[in-house]
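Enquirer: Based on the provided sequences and hints, a complete structural model is requested.
There are 4 protein chains.
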Amino acid sequence: MKAEATEEQIGHVVQEIGRFGLRADVSKGEYKTVIGLVGDERKAPFDHFETLPGVKEVMRIETAYKLISREYTKYSEGLKHHSRIVKVGKLSIGDNGPVFMAGPCAVESKEQLFRIAEGVKKAGAHILRGGIYKPRSSVHSFQGLGAVDRKTAERALKWLSEAGREFGMPTVTEVRGEGHADLVAEYADILQIGSRNMYDQDLLTMVARKKKPILFKRHFGAGIEEFLSFAEYIAAEGNRDIILCERGIVPVGKGREYTRYTLDLAAVPAIQKETYLPIIVDPSHGTGRRDLIFNMSCAAIAAGANGLMIEAHYNPEEALVDGSQTITTDELGKIIRTCQEIAPLIVPSRMISDAKD
Amino acid sequence: MKAEATEEQIGHVVQEIGRFGLRADVSKGEYKTVIGLVGDERKAPFDHFETLPGVKEVMRIETAYKLISREYTKYSEGLKHHSRIVKVGKLSIGDNGPVFMAGPCAVESKEQLFRIAEGVKKAGAHILRGGIYKPRSSVHSFQGLGAVDRKTAERALKWLSEAGREFGMPTVTEVRGEGHADLVAEYADILQIGSRNMYDQDLLTMVARKKKPILFKRHFGAGIEEFLSFAEYIAAEGNRDIILCERGIVPVGKGREYTRYTLDLAAVPAIQKETYLPIIVDPSHGTGRRDLIFNMSCAAIAAGANGLMIEAHYNPEEALVDGSQTITTDELGKIIRTCQEIAPLIVPSRMISDAKD
Amino acid sequence: MKAEATEEQIGHVVQEIGRFGLRADVSKGEYKTVIGLVGDERKAPFDHFETLPGVKEVMRIETAYKLISREYTKYSEGLKHHSRIVKVGKLSIGDNGPVFMAGPCAVESKEQLFRIAEGVKKAGAHILRGGIYKPRSSVHSFQGLGAVDRKTAERALKWLSEAGREFGMPTVTEVRGEGHADLVAEYADILQIGSRNMYDQDLLTMVARKKKPILFKRHFGAGIEEFLSFAEYIAAEGNRDIILCERGIVPVGKGREYTRYTLDLAAVPAIQKETYLPIIVDPSHGTGRRDLIFNMSCAAIAAGANGLMIEAHYNPEEALVDGSQTITTDELGKIIRTCQEIAPLIVPSRMISDAKD
Amino acid sequence: MKAEATEEQIGHVVQEIGRFGLRADVSKGEYKTVIGLVGDERKAPFDHFETLPGVKEVMRIETAYKLISREYTKYSEGLKHHSRIVKVGKLSIGDNGPVFMAGPCAVESKEQLFRIAEGVKKAGAHILRGGIYKPRSSVHSFQGLGAVDRKTAERALKWLSEAGREFGMPTVTEVRGEGHADLVAEYADILQIGSRNMYDQDLLTMVARKKKPILFKRHFGAGIEEFLSFAEYIAAEGNRDIILCERGIVPVGKGREYTRYTLDLAAVPAIQKETYLPIIVDPSHGTGRRDLIFNMSCAAIAAGANGLMIEAHYNPEEALVDGSQTITTDELGKIIRTCQEIAPLIVPSRMISDAKD
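Heads up: the sequence lines are chains A, Y, W and S, in that order.
Take the first sequence: its letters are residues 8 to 364, numbered as in the numbering used here.
Take the second sequence: its letters are residues 8 to 364, numbered as in the numbering used here.
Take the third sequence: its letters are residues 8 to 364, numbered as in the numbering used here.
Take the fourth sequence: its letters are residues 8 to 364, numbered as in the numbering used here.
For the record, the hints were derived by calculation from the structure and aren't laboratory data.
Among the hints, a few may not be true.
Said to hold, decoys possible - Not everything, but these chain A residues come out facing chain Y in the computed CB check (under 7 Å):
#, residue
1, Val146
2, His147
3, Arg344
As the list claims (entries may be wrong) - Derived pair list, reagent style DSBU-like, types lysine-lysine, alpha-carbon separation capped at 35 Å:
#, chain 1, residue 1, chain 2, residue 2
4, A, Lys219, A, Lys39
5, S, Lys261, Y, Lys217
6, W, Lys129, W, Lys165
7, W, Lys117, W, Lys128
8, S, Lys94, A, Lys341
9, W, Lys261, Y, Lys218
10, Y, Lys9, Y, Lys280
11, W, Lys261, Y, Lys81
12, S, Lys341, A, Lys341
13, W, Lys158, S, Lys217
14, S, Lys217, W, Lys218
Beta carbons are placed, not taken as given, at the ideal position from N, Cα and C, and that holds for glycine.
Expert: So this is what it looks like as structure tokens:
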């Protein structure tokens with residue numbers, strides 16, 4: 008829109024967009040307003056839109072993830088920062104320093120959770136994670152306290168919220184199905200969409216509407232284009248507080264697996280070139296091996312990640328889920344300290360520009 | 008259970024199983040009753056169960072998909088057929104001859120649907136398919152009539168149901184999100200879980216409870232073990248009317264893609280060795296190329312598939328979704344006729360037994 | 008070249024091509040001569056070539072596999088057949104009926120080889136296979152008689168040749184390294200390049216020069232474009248007697264493997280659209296499971312394959328290599344008979360043309 | 008062998024091993040001698056070997072890569088270092104600090120090579136790389152000076168050797184086929200086996216016998232087990248001076264590729280747990296994108312890599328091969344400096360031990 012476009016003119020454009028079965032994404036910047044189209048663009052009469060009063064220019068962005076693309080953001084938010092800053096309470100994600108999310112794979116009891124929360128806080132973590140609705144490959148495995156009944160699920164969510172408050176950390180937990188979205192949104196500070204649900208557009212849409220920051224994990228079989236295209240489903244609901252998460256893709260080749268998944272660390276800077284959303288890495292699921300977490304945490308930060316999500320426990324052997332990839336809270340402390348030394352060395356990360364830039 | 012076990016004894020075992028946080032899957036055969044455990048088996052006191060009155064024997068099946076395994080079925084249903092027969096109205100799927108499901112990728116209008124339904128019926132199809140809730144990689148593409156609003160969705164579902172009745176074919180359409188399950192189940196005869204939702208255990212559980220046959224598609228990045236383990240989520244709700252569907256996996260290697268996905272036809276006989284569920288093949292999505300549908304349909308039937316799902320249209324060029332992989336209803340007729348000639352040649356398919364059998 | 012171009016003009020064009028560091032591929036058809044460029048085309052002054060006497064037209068084919076492409080073949084050979092016919096003695100491969108190659112995975116002794124040769128001949132096989140230089144993933148496994156010493160290798164090659172003559176079958180065996188090419192070419196009728204060596208351009212070039220038909224297997228991690236681009240290395244030496252072979256690609260997804268590889272049967276018709284070379288399928292390596300060979304053999308023929316390569320033995324349990332994927336010669340007979348019933352049903356395989364055709 | 012075993016006893020054991028068609032790998036340590044078996048172990052009479060004079064103990068190592076495994080090394084070399092140290096002139100690879108190999112993708116002229124050599128030396132590189140025999144996917148692309156003729160190849164190899172001497176850097180270049188092994192070994196200090204030839208056991212065996220250090224690159228479709236099992240072919244010739252190289256594996260998923268390959272950095276520490284061989288990373292081929300080299304170089308070092316191989320040029324735009332992934336020598340300097348700051352932070356990389364250790 009032109010800098011001098013009136014509210015009425017903006018409203019008219021939005022209305023016109025609606026008339027063609029599309030939705031409007033209105034971003035008001037300091038100097039100008041940008042309106043993005045959401046929906047089936049084949050119906051869009053771009054020529055017509057160009058003639059509406061107040062419209063300065065009509066541009067087409069040729070990706071499926073245009074609302075979160077650097078190109079669109081440049082117009083709509085005049086972005087000067089390296090990445091969008093997602094605010095969670097007083098915490099900023101995507102800013103200068105890396106953010107560390109840690110906690111148990113699954114919440115098992117109040118005592119377990121509080122003891123771990125205390126440990127990860129002491130180790131330097133900023134955000135407390137804890138799984139309540141656990142996605143599992145087998146219906147015959149432990150499915151998290153969320154699977155017992157709604158009352159138990161709510162109790163576990165309350166513990167998580169209390170532990171977060173007690174130790175001064177916002178919390179993150181997974182929303183696995185549409186039926187849990189309301190309940191989880193009531194208690195958690197960040198809503199996680201897990202790897203297995205990346206393609207679940209109805210769940211994405213519903214969770215996006217909760218107006219809370221979303222931790223969005225890449226599916227282990229998804230290419231980067233798919234990953235970003237599904238993040239766009241969240242953005243299309245007007246929610247840009249999206250934290251992307253690389254958590255490993257399926258290994259190639261024959262023979263025994265040395266890592267549970269293959270961490271695709273080059274996806275971190277590659278995605279940062281495409282979108283302004285912060286991206287973190289989960290070396291716990293990404294490797295499935297406790298003894299590789301230190302190296303891969305350091306590597307993720309060196310690759311430019313905006314943070315890490317790590318499963319930690321006071322006694323990993325005891326964990327009901329994923330013990331073999333869980334580290335102690337002491338080890339977590341060493342990792343966080345090393346990562347904080349590495350992070351400042353990566354500042355000039357954009358020194359090599361692509362020829363096209 | 009022993010052959011002479013009483014109802015009371017069966018009830019007691021079920022109750023005991025429940026006491027340990029597990030659910031019981033009770034299969035009553037002609038001569039005996041078999042009770043399967045559903046849930047986290049670490050809690051299960053197998054020794055204790057063995058001592059309960061009426062219990063003949065306690066066995067462990069070491070897969071994540073035991074309820075649908077041939078081994079369990081052997082005990083619970085005394086299965087002599089090559090595969091389970093899923094009844095849809097008067098139609099039997101998994102019986103001797105292959106079953107053909109065909110129709111448009113997406114339902115666009117009543118006229119389009121009826122005209123295609125007439126065509127596919129004439130071509131020899133048994134079941135009418137038509138997408139109303141379309142899963143799409145981009146929020147900016149056409150999402151099916153289901154995306155317009157609930158009223159439009161219901162109208163489209165009614166058309167599908169009417170077209171099915173008019174031309175004597177049961178219908179199948181996709182349930183993409185938990186929020187649509189009730190509505191779709193009201194109208195469709197078979198409920199489809201699409202490839203992208205294969206891992207969505209909450210959706211699976213909810214749809215399973217509708218007590219209608221389910222067409223369950225393999226995710227394009229999923230191994231066979233994962234595919235069957237998630238089918239088990241459906242079976243765990245007591246719904247065994249599951250039709251599996253191979254629809255292609257992501258291609259390997261570098262360079263341009265000659266097929267949209269790689270049809271894994273060896274999965275058909277491999278899965279038939281593991282489970283008694285019928286399995287069909289979708290060569291339309293599996294190849295993404297109209298000009299390969301004939302060959303791959305024939306190949307799927309030769310591999311032993313219990314049927315095919317094919318996208319057909321009176322004029323594929325017109326289709327809003329997936330036109331490049333849609334064939335004409337005339338071509339469908341030729342495919343069905345050729346497949347019906349091939350199918351009887353494959354009867355002795357079990358002639359080569361594995362050494363272990 | 009123009010129809011009336013003289014030998015001298017053709018020679019001049021070839022010379023000019025050579026002057027720019029390129030090689031000329033001269034195909035003389037009944038009515039005209041076509042000259043293809045081999046080598047680094049950036050150096051090629053296409054404008055200059057167009058002005059040479061006798062040149063009718065200069066065209067660019069935009070693939071890395073132009074010499075074997077249908078487009079080039081159309082000009083150079085006026086191809087009317089569905090595929091090129093590779094002659095091996097009196098046998099035609101790529102003609103109407105499918106060709107069956109069978110024999111032991113590895114030649115172990117004269118007696119073993121002759122007994123199997125007799126069996127596969129009786130079963131209906133046309134070509135005798137037998138591995139002498141075995142590519143193996145572990146240096147600590149049996150590497151075939153070729154690994155013992157040159158004398159033993161030659162003895163085994165003689166047995167193969169004698170068995171072929173005795174039972175009226177041309178023979179095929181693998182050339183695993185450049186050092187064996189001369190010796191193998193002396194005895195075998197078809198020279199096989201194994202899956203692991205697909206990318207080995209020096210080996211391909213050397214074997215192509217032996218002027219014998221080549222069985223060229225796709226690497227298990229290669230896309231179709233790579234496969235054809237490496238087949239072009241053979242064609243670039245003037246050897247077009249190439250039989251392609253699909254033998255399975257690495258499985259996707261997590262969990263245990265149900266098949267050793269994933270047979271990519273859609274590659275068969277997809278490759279037949281790109282090139283005129285015949286293509287066969289190896290269901291033995293492709294599945295790694297004896298109990299799936301029947302189904303996948305039938306499926307391969309139904310997909311349009313020009314033949315099959317199958318490992319057979321009078322007693323598979325005895326085989327030193329790959330026994331678990333080897334069938335009996337009796338089973339081979341049933342497979343060949345069924346495939347011969349299926350093949351004629353697939354004749355109209357080109358009935359569905361792509362919209363672009 | 009017992010500490011007091013005589014030369015005669017050792018010789019007798021070697022002879023006995025040979026009698027069963029196996030080869031002996033004799034490692035003499037300070038205190039004791041260890042003899043490894045090479046070849047088809049099914050023939051090995053372990054009980055018999057145990058009774059031979061001077062034999063202390065017979066052990067079986069259950070991997071295909073036992074000669075390079077940490078377990079075998081522990082016995083044969085009493086290894087206390089984190090990794091084997093491969094000596095190239097005065098340079099040590101696998102020692103404390105990371106080693107940097109850099110240079111042009113392909114050697115094009117003496118002037119180009121010397122100018123780049125000077126640049127990379129100034130940037131801090133230790134080893135000069137330059138491709139002469141270039142493996143290429145298309146026979147129609149530039150194949151390196153090695154493809155012109157033997158004389159040109161030798162001239163280019165001399166330039167490389169001279170440039171190395173002039174700027175005080177050992178050199179590395181690829182041996183693509185068996186026919187070039189002698190020539191390359193005459194001039195280069197490290198012999199490279201490229202990704203495409205990883206599975207070529209005959210080439211590996213021949214190159215191993217040149218008794219020079221070997222840079223062994225992982226195939227882009229190979230699992231770690233395959234990679235190490237083929238490195239074993241080199242070790243089986245008595246050559247342990249193997250430098251492994253991770254250079255990216257094929258991407259998963261659909262959609263456009265953001266990186267040419269997926270760098271599998273977790274393979275670095277995972278391989279270091281299995282074997283004592285040093286491992287470096289090639290971020291140039293691994294990403295195919297100049298603008299990601301900085302981040303991925305830092306990430307590789309943070310993951311624990313013993314060095315990097317990077318393509319650099321004074322003017323990447325000019326390069327005949329792979330210009331889009333080539334950086335300037337100035338950029339190389341910044342990368343090396345940053346990596347040298349990161350490396351010391353990773354020292355305590357073994358602080359997280361696996362529960363089994």
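Enquirer: List, from low to high, the hint numbers that the structure doesn't satisfy.
Expert: 3
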